[in-house]
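Trainee: Now for the letters of each chain:
There are 2 protein chains.
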Amino acid sequence: MTHFETELQSLKERLLVMASRAEASVAHAMEALVQRDDDAARRVREEDDAIDQLEKEIDDHAIRLLAKAPLATQLRLIVTTLKIARDLERVGDEATTIARRSLELSQEPQLKPYVDLPRMAVLARGMLNDALEAFVARDPGRAREVIPRDREVDALNKQLYRELASFMIEKPSNITRCLNLMTISKALERIADHAKNVAEDVVYLYEGRDIRHGGA
Amino acid sequence: MTHFETELQSLKERLLVMASRAEASVAHAMEALVQRDDDAARRVREEDDAIDQLEKEIDDHAIRLLAKAPLATQLRLIVTTLKIARDLERVGDEATTIARRSLELSQEPQLKPYVDLPRMAVLARGMLNDALEAFVARDPGRAREVIPRDREVDALNKQLYRELASFMIEKPSNITRCLNLMTISKALERIADHAKNVAEDVVYLYEGRDIRHGGA
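Residue numbers (the working numbering), protein chains in the order written: chain Y, 1 to 216; chain Z, 1 to 216.
Hints are not guaranteed to be accurate.
In this list, chains with the same sequence are indistinguishable; a pair is considered to hold if it fits within one copy or across any two.
[Unchecked claim] Derived pair list, reagent style BS3-like, types lysine-lysine, alpha-carbon separation capped at 27 Å:
hint, residue 1, residue 2
1, Lys171, Lys158
2, Lys112, Lys56
3, Lys68, Lys56
4, Lys12, Lys158
5, Lys12, Lys68
6, Lys56, Lys83
7, Lys83, Lys186
8, Lys171, Lys56
9, Lys83, Lys68
10, Lys12, Lys56
11, Lys158, Lys186
12, Lys83, Lys112
13, Lys12, Lys186
14, Lys112, Lys171
Don't read these hints as lab results, they were simulated from the structure.
This is chain Y alone, in the form it adopts within the complex (with noise of 0.2 Å):
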């Protein structure tokens, strides 16, 4: 390996840790939701400012190496790891956003059992692991079986945000706690979204057709 793939497989790594840590950022999250967990919640918070210095770190070792004349496909995988961690790292404040709704929900009392909620969370961090796994497989294939699972996070975002309405005009002094829930399923949903442009990113780097915004 020369010096440059060697610099190269450590940028990837640097940008596998920042994944595994937005995605526990989400899971602590969502814990603080779930087990009513204020601590839990205010430790989301001090892990965003690490997300958000890792991806400081990776935009400089980007620039870097693209400073040292890669080659086309190093390049654009390069290009590809800066877009990667400006998407976790907004997944490291949509996080931050169901901490700290967490936290106001948690001084009242529970408005009913979540369910939708851990099953949206489960979904949006299967969908990032399985984008971040393929970059790292180079497996164009498995990226773009991701992206299909969007679809199920939004729906579930709908229905979640017209049953909670329901429940608000059923009863105003529910709106406070409902609202706080919506935004976190909003949070949810954009998670998905994240993981679902990280999907894109990589089959575009391994397949070179950009299937953003419908172009099949």
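Let chain Y serve as the given structure and place chain Z on it in line with the hints.
Mentor: Here is chain Z on its own, set in the frame of chain Y:
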């Protein structure tokens, strides 16, 4: 000017076209809301496709230029262009959200005159415009001035959120409309956020210091 510099110039111009499209799209989405103009709302959706297409073209162009072993400063300019294009693409998405919710709102009587939302839109569009002008003028000082203006939009969004939540509690028949307005307010807050990201990228580009995530 060398051939490479001409190419770089044309990349920057393409980005400016994309920015003015994204900004116009926000303006049209607000027209759809304020003037209850459903045609304007539908136009925003078409504009979003054009904005998405521009992002793809800019990405391809940027990657081609990166392959030509640019100088360090050119390299940073190209990477920044990639980042800004991604933010502008998201601005287009948020404009689409505003347009969609405006279509729903125009089916019911207007809840109250819109004051804060147009104000937020003016602020957000101004931030976007100034950040892009700072990019063209290579003026990090001007970009720096954009950043704190995000707080004003954040404050308006929070205030509106509270007002709308009270409205819902007072009169549950307002709930659907209030939820639509909350989503629009949040979309404007995110547009200002993207403008702030662009401004931070411009500062980084010309000062070489990363001021994202509070790293002053």
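Trainee: Now look at each hint and say whether the structure bears it out.
Mentor: Here is how each hint holds up against the structure:
no.	hint	verdict
1	Lys171 <-> Lys158	both (20 Å within a copy, 23 Å between copies)
2	Lys112 <-> Lys56	neither (40 Å within a copy, 44 Å between copies)
3	Lys68 <-> Lys56	both (19 Å within a copy, 25 Å between copies)
4	Lys12 <-> Lys158	neither (35 Å within a copy, 39 Å between copies)
5	Lys12 <-> Lys68	both (17 Å within a copy, 23 Å between copies)
6	Lys56 <-> Lys83	both (12 Å within a copy, 13 Å between copies)
7	Lys83 <-> Lys186	both (22 Å within a copy, 24 Å between copies)
8	Lys171 <-> Lys56	neither (46 Å within a copy, 47 Å between copies)
9	Lys83 <-> Lys68	both (19 Å within a copy, 20 Å between copies)
10	Lys12 <-> Lys56	both (14 Å within a copy, 24 Å between copies)
11	Lys158 <-> Lys186	both (9 Å within a copy, 17 Å between copies)
12	Lys83 <-> Lys112	neither (38 Å within a copy, 41 Å between copies)
13	Lys12 <-> Lys186	neither (30 Å within a copy, 34 Å between copies)
14	Lys112 <-> Lys171	both (13 Å within a copy, 23 Å between copies)
Checked against the numbered hints above, the structure violates hints 2, 4, 8, 12, 13; every other hint is satisfied.
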